Amino acid sequence: MKRLVTSLGKVFGPLTKLGIRPQIAVLFFALLFVPLFVRDEFTLRLLITSLMFGGLAMAFDFTAGFINIVNFGFAAFMGLGAYSSGLSVLKLGLSPWLGLIFAALLVGIVGFGLGVLTIRLGGIFAACMAWFVALALMAVTANWVDLTKGNSGLSVPPLFVTIRNMPYYYTILAIVILVYILLAVISSSKIGLAFRAIGQDVVAAASSGVFATKYKIINFTISCCLAGLLGGFYAHFVGVLTPQVLHTRNTVEIMVISYVGGRGTIWGGLVAALLLVPAMDYLKGLLELRLIMYGAAMILIMIFYPRGLAGLWTSGADYLKRKGVLPDTSTVSVSKGKTGQNL
Amino acid sequence: MLEIRQLDVSYGYLQVIWGVSLKINEGEVVAILGTNGAGKTTLLKTVMGLLTASQGTITFLGEEITNLPTFKLIKRGLSFVSEERNLFPAMTVFENLILGAYTVRDKKKINDALEYVFTLFPRLAERKNQLAGTMSGGERQMLAIARGLMHGPRMLILDEPSMGLSPMNVEAVFETITRLRSGQTTIVIVEQNVNTTLRIADRAYVLEQGRIVLEGTSAELRSNDQVREMYLGIC
Amino acid sequence: MILEAKSVSKRFGGLKAVNEVSLQVQEGEIFGLIGPNGAGKTTFLNCVAGDYRPDGGSIIFQGKNITGFRPDIICREGIARTYQIVRFFPKMTVLENVMVGVVFGSKKKVKFPERTAREYLDYVEFPVAHHVLAENLNTIQLKQLELARALSTDCRLLLLDEVAAGLTPAELNKITALIRKIRDDGRTIIIVEHLMRLIMNICDRIFVLNFGEKLSEGTPKEIMSCEMVTKAYLGETYMH
Amino acid sequence: MEMLQQSWDIIVTAILRGGLYALMAVGLSLVFGVMNIANFSHGEFYMIGSYFAFFGITEFKFGPLPSIIFAGLAAFAIGMIVERGVFNPLRQKSKKGWLMNTFLLTLGVSIIMQNGVRMIWGSRYRGVTQFWPGRTKIFTSMEIANDRLVAFIIAMITITLLWYFLTYTRTGRAIRAVSQDETGASLMGIDLNWIHTLTFALSCMLAAIAGASLLSINPAFPTMGVNPLYKSWFVLILVGMGNIWGSIYGGLIVGLLETISIYRFGAGWQDVISLIIIILILLVKPSGLFAKKGVKSVLE
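Chains as they are written, first to last, in the numbering used here: chain F, 1 to 343; chain V, 1 to 235; chain W, 1 to 240; chain A, 1 to 300.
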């Protein structure tokens with residue numbers, strides 16, 4: 001076992017340096033082959049939804065878990081992406097693929113603008129401002145019936161001229177892998193160091209030479225941009241858009257997934273989505289009870305295991321390392337002088 | 001009056017207090033000395049129920065109080081003036097003091113206590129209606145001590161009363177402690193300011209790495225070479 | 001002259017926390033800033049470090065007017081600081097804490113930030129393994145960590161705000177030696193402190209603030225013998 | 001003349017509307033100030049209040065006022081249970097990341113309450129036609145339903161009583177003490193657990209009174225709390241967190257913004273307009289209109 005892990009470590013070493021977790025690389029590899037075994041269109045659809053939520057949760061965590069700003073209007077940015085991709089195809093005649101890119105850019109620009117205006121303030125204030133902007137966006141979408149068809153719904157052309165789900169599956173898998181690699185690489189870079197510093201103590205970060213506002217805006221823009229991209233995918237995957245896409249309810253769902261996954265980990269959200277979304281669907285028959293259970297589970301996890309699934313994984317790995325099953329990879333560097341606890 | 005037996009305290013996995021035993025008699029002024037990080041504040045906070053003891057017992061006036069919630073200890077006559085002062089910044093001096101007597105229901109007793117602390121600190125009487133948050137460091141420390149006296153405690157525990165104060169204020173605070181002592185309040189004091197503390201204390205314990213390494217009367221400790229070298233910086 | 005403050009003022013509401021303070025700090029000296037509580041010492045440091053924007057006056061650092069600059073820019077200009085209440089990144093390791101300063105704090109591009117960070121940790125003789133999370137450290141260790149982070153920005157001028165608060169004489173001797181070492185290695189230091197023994201011991205010159213204004217300035221000897229200072233600051237009973 | 005009349009109408013409507021937003025916001029503000037919880041389930045207590053008032057009238061045959069009081073007390077009790085069952089255990093376990101963790105907990109509470117109510121009482125509307133029949137003439141040509149007027153008066157009385165309680169009573173002072181320094185408060189002999197439970201329950205009661213006194217205007221249904229929740233958050237952010245007097249002005253401002261935008265742009269756009277204006281105000285004054293820096297307090 002130990003030798004296996006060590007040799008795997010050699011293979012994944014370069015990946016780890018980029019901040020990409022070997023276990024996630026394995027997961028992606030496995031996901032590549034899923035459609036070979038899953039022939040059932042319904043299950044495939046569910047997996048697509050799970051991956052989509054996983055991507056959204058990762059993008060959400062990139063802001064919440066690193067610079068410590070909860071984008072409470074996240075679903076609205078995703079919804080804005082969905083509508084702008086859909087409308088660019090319908091009104092400007094772009095291809096759906098260009099629509100995705102258009103959506104990502106547009107939402108990125110909106111996120112940048114909002115960031116410039118509000119995000120320097122930080123804390124619960126920035127969260128509420130993002131939320132208010134989201135509520136306003138949703139109200140506009142619902143009321144600007146000429147453009148968006150309002151609550152009766154906007155039909156959007158699909159990405160592929162096929163009723164099969166396989167192409168969508170590989171598209172979203174590719175998007176999610178890209179999102180993960182992008183976020184992992186950024187967060188293990190120098191910029192990521194700045195993000196974490198800002199999230200933990202803004203004043204200390206500033207007095208160490210970090211220009212907090214700049215990095216906050218960079219972070220927020222990237223996160224919004226990805227929300228827009230995934231929103232665009234949603235539009236062309238589902239086919240019909242209503243203002244409900246922008247609803248706070250969806251932000252809550254994404255937030256729960258990312259928190260259950262584990263804050264500040266990026267990958268936790270993806271794993272949580274792959275577990276939670278199918279589980280919720282499986283329990284559909286329970287009606288209200290299902291949501292009550294959802295709420296209760298959330299409360300229990302928050303109280304008893306706030307570090308989330310990622311925390312569970314880390315503790316497990318630590319346990320195995322202590323037992324000697326896994327090699328201890330943490331570089332122990334003891335400097336001169338006394339070591340450790342002189343509390 | 002207060003007795004601690006074989007107390008262990010940990011922060012997470014890290015044990016900070018190791019088998020500490022000590023005893024404080026009625027009417028004494030006892031100092032607890034030690035280097036920074038020796039566990040002095042931890043010890044006091046554990047006595048006050050702000051931290052949890054993992055082993056050992058604490059008794060106060062013959063009853064066990066180990067790990068009781070803080071508010072119950074106040075009702076039993078303990079009072080703790082913390083290092084951070086813990087004042088209510090948006091309330092006036094007067095309101096802060098009234099809250100000090102939260103456990104006292106008798107109006108007359110509250111008024112007596114107010115009068116007492118105002119004679120002790122005339123400065124506070126002048127600033128009765130000032131917000132605590134707008135006061136200077138020295139005044140805050142006075143208010144914190146005064147507030148700690150409002151419920152007529154049997155024992156007053158002071159954590160670093162001179163920390164962050166200018167020398168003049170330090171003198172004022174120590175003068176107050178001397179005066180309280182003649183008022184028959186039992187006092188436990190934790191200090192960095194070893195010289196001055198040993199002048200006013202009857203006895204002292206020395207804590208090192210979470211263990212008691214020395215104890216004795218102030219005179220004994222002042223003449224102890226080890227203490228002089230380590231804590232008074234006389235080399 | 002490395003730093004010059006020209007009639008710097010800072011008000012909070014009606015209160016003049018710092019009022020027309022002018023001072024000059026020479027290259028390579030240890031400059032003490034003392035005064036009773038609320039005299040405006042920390043406020044003045046905050047004005048220099050950019051945490052506050054002064055209401056009046058100007059601050060010249062190495063011939064450049066840096067008045068009202070952002071703290072991160074001032075840091076890269078070469079002024080680093082520590083805080084009265086230690087500030088650090090609790091969820092980062094000791095090494096990462098210092099790396100923030102190495103990577104972002106200096107105009108120079110550092111080739112191997114990790115190695116440089118370790119050098120600074122060794123420089124302050126940091127006693128704990130570098131991969132420990134900062135939230136697990138105690139006060140004195142955190143002070144050392146903060147000092148290492150401040151130094152790691154490759155500063156020319158270091159502002160120390162009450163580094164000695166809460167230290168015992170033994171630890172004090174250690175930090176005194178460290179401050180001297182930092183100065184001997186070519187950095188200028190402004191130190192705000194209550195502990196007179198430390199101040200008198202290591203400062204080349206001392207500046208006394210009282211109610212936001214200059215009271216006196218001179219060598220430790222001059223300050224000790226200045227009656228005005230003794231009265232206002234030290235109190236009658238101190239000098240036994 | 002007509003213009004003048006119209007603006008009076010707008011102001012009166014805005015005040016009536018704003019008074020209830022203020023009542024909601026005060027509760028939200030109290031919980032934030034004392035417990036440091038950004039409560040997302042506040043609207044659910046408004047909803048619960050509405051239901052209890054309905055059952056008070058229809059099942060127990062209480063009069064309007066007793067029904068509202070009944071709703072308030074019931075929500076108080078449920079609030080106590082929720083605090084003891086949800087927030088208290090977390091407080092005992094760990095206070096790391098408290099603000100975010102409790103925020104998520106309130107989301108969980110909100111989900112459970114909404115769906116619990118739907119499961120027990122279904123999704124249909126339950127309302128009463130009138131509490132206090134009749135209309136009152138305010139100006140020569142403006143009449144207002146008595147229900148609206150009384151609801152406003154109830155809101156104002158409740159806020160005044162709360163203010164008195166917090167300023168002059170021993171327990172009220174203890175609540176403020178906890179909001180300013182928890183350790184300090186426990187060192188005064190204040191039982192933090194009890195104060196937290198009491199504060200949360202009080203806040204729930206305020207929301208429920210708002211919901212109950214509007215029952216004849218807004219019938220009870222499971223998701224009715226969403227809108228008042230949004231509105232009270234608008235107020236809270238607009239005036240700055242944890243400021244009771246500010247919440248009253250804030251309530252009136254939000255009420256005014258809404259009423260004006262409904263008059264000028266028609267229903268549907270009111271949220272857009274008032275949000276845009278709030279966002280603009282906040283860009284100029286980020287910590288809220290009435291926030292004081294550095295001093296956190298329930299009552300200032």
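Accuracy of the hints is not assured; some may be wrong.
To be verified - Straight-line distance between alpha carbons at most 25 angstroms, and here's what the computed DSS-like set of lysine-lysine pairs gives: (1) V/Lys-72 - A/Lys-93; (2) F/Lys-214 - A/Lys-93; (3) F/Lys-17 - F/Lys-190; (4) W/Lys-16 - W/Lys-214; (5) F/Lys-214 - W/Lys-111; (6) V/Lys-128 - W/Lys-64; (7) F/Lys-17 - W/Lys-6; (8) W/Lys-6 - W/Lys-214; (9) F/Lys-190 - W/Lys-64; (10) W/Lys-64 - W/Lys-107.
In short, the hints are calculated from the structure, not lab data. Note that the coordinates shown come from a computational prediction; the quantities given were computed from them, not determined experimentally.
For each hint, the structure was consulted:
1. V/Lys-72 - A/Lys-93: holds, 20 angstroms
2. F/Lys-214 - A/Lys-93: Since the Cα atoms of F/Lys-214 and A/Lys-93 sit roughly 37 angstroms apart, the hinted pair is violated (cutoff 25 angstroms).
3. F/Lys-17 - F/Lys-190: At roughly 13 angstroms apart (the allowed maximum being 25 angstroms), F/Lys-190 and F/Lys-17 satisfy the hint.
4. W/Lys-16 - W/Lys-214: holds, 13 angstroms
5. F/Lys-214 - W/Lys-111: holds, 23 angstroms
6. V/Lys-128 - W/Lys-64: violated, 48 angstroms
7. F/Lys-17 - W/Lys-6: Violated, because 50 angstroms separates the two Cα atoms, which is more than 25 angstroms.
8. W/Lys-6 - W/Lys-214: With a Cα-Cα distance of about 12 angstroms, the restraint between W/Lys-6 and W/Lys-214 holds, given a limit of 25 angstroms.
9. F/Lys-190 - W/Lys-64: Between F/Lys-190 and W/Lys-64 the Cα gap is close to 29 angstroms, so the pair fails against 25 angstroms, i.e. violated.
10. W/Lys-64 - W/Lys-107: Judged against 25 angstroms, a Cα distance of about 15 angstroms means the pair holds.
Consistency note: the structure conflicts with the earlier hints numbered 2, 6, 7 and 9.
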